[in-house]
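Peer 1: Sequence:
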Amino acid sequence: MSKPGERKLQILQILAAMLEAPQAEKITTAALAARVEVSEAALYRHFASKAQMYEGLIEFIESTLFSLINRISSDEASGLDQAWAIAQLLLGFVEKNRGMCRVLTGEALVNENVRLQARVNQLLDRVEASLRQSLRIAASQAGLAEGVDAGVAANMILAVVQGRWQQFVKSGFVRKPMENWPAQWNLLVRAVAAPVMTAG
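Just so you know, we're using this note's numbering here: the sequence shown kicks off at 1 and counts up by one.
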């Protein structure tokens, strides 16, 4: 017999897998219970509501992303390299976790409890703050062009990342978020980075 913690994790994994269907229907607790092979009553023994299940997914996304963002911040000395690595992490994570991409774009949360979208918004605000901090470091290293505001640049990078997420979901997971990303990053950096001085 599985332990309660293991069963909770299994329920969240199956919910995430159901969100990976290219044209996901609204997920009901009845459908989820059938996939887990338990009764709906058994589901509610582990989670008080469907909203709590989605909160479990959001907590997983948050803990995964921020443990990696913290590692990037400590490993990378260059502020611009930090920003690049964070943006790449955000794109790579959803490419590997398609169901989570639906949560981050809010598509999976339509008609669910409004506090879930507020929780995702809070998570994205934290991501933007991490990008802003990296770009402030870049500015202190003379890596940003004169007059470029770290907050404005961080918001632009996150907006591009979120646009890639939306394309991924709306294309039925065909348009990969990482596709052409290095070339697009170069365009973004050209808009915000200080010109490189060459000897001559």
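The hints are simulated quantities; they were obtained by calculation from the structure and are not laboratory data.
Predicted model only: the values in this text are computed from it and were never measured.
Take the hints with a grain of salt, since some may be wrong.
[Unchecked claim] DSS-like cross-link-like pairs, simulated, lysine-lysine; straight-line CA separation at most 27 angstroms:
hint : residue 1 : residue 2
1    : K176      : K8
2    : K50       : K170
3    : K96       : K176
4    : K96       : K8
5    : K8        : K50
[Claimed, not checked] Between beta-carbon pairs, the in silico distance windows are:
hint : residue 1 : residue 2 : range
6    : L188      : A142      : 29 to 37 angstroms
7    : Q13       : G151      : 20 to 28 angstroms
8    : A30       : S74       : 19 to 27 angstroms
9    : Q184      : V148      : 33 to 41 angstroms
No residue lacks a Cβ here, since even glycine has one placed at the ideal position from N, Cα and C.
Peer 1: Hints first: check each against the structure and report whether it holds.
Peer 2: Structure-based check of each hint:
1. About 30 angstroms separates the Cα atoms of K176 and K8, which puts this hinted pair outside 27 angstroms; it is violated.
2. Pair hint K50 plus K170 holds up; C-alpha atoms about 24 angstroms apart against a cutoff of 27 angstroms.
3. Restraint check: the Cα-Cα separation between K96 and K176 comes to about 10 angstroms, which is no more than 27 angstroms; the hinted pair holds.
4. A hinted pair counts as satisfied when its Cα atoms are at most 27 angstroms apart, and K96 with K8 qualifies at roughly 21 angstroms.
5. With a C-alpha separation of about 12 angstroms, the suggested pair K8 and K50 falls inside the 27 angstroms cut-off, and the hint holds.
6. The hinted window of 29 to 37 angstroms between L188 and A142 is violated, with their beta carbons roughly 18 angstroms apart.
7. About 37 angstroms separates the C-beta atoms of Q13 and G151, a value inconsistent with the hinted range of 20 to 28 angstroms.
8. At roughly 45 angstroms, the beta carbons of A30 and S74 sit outside the given window of 19 to 27 angstroms.
9. Remark: the range hint 33 to 41 angstroms for Q184 to V148 is contradicted by a beta-carbon distance near 18 angstroms.
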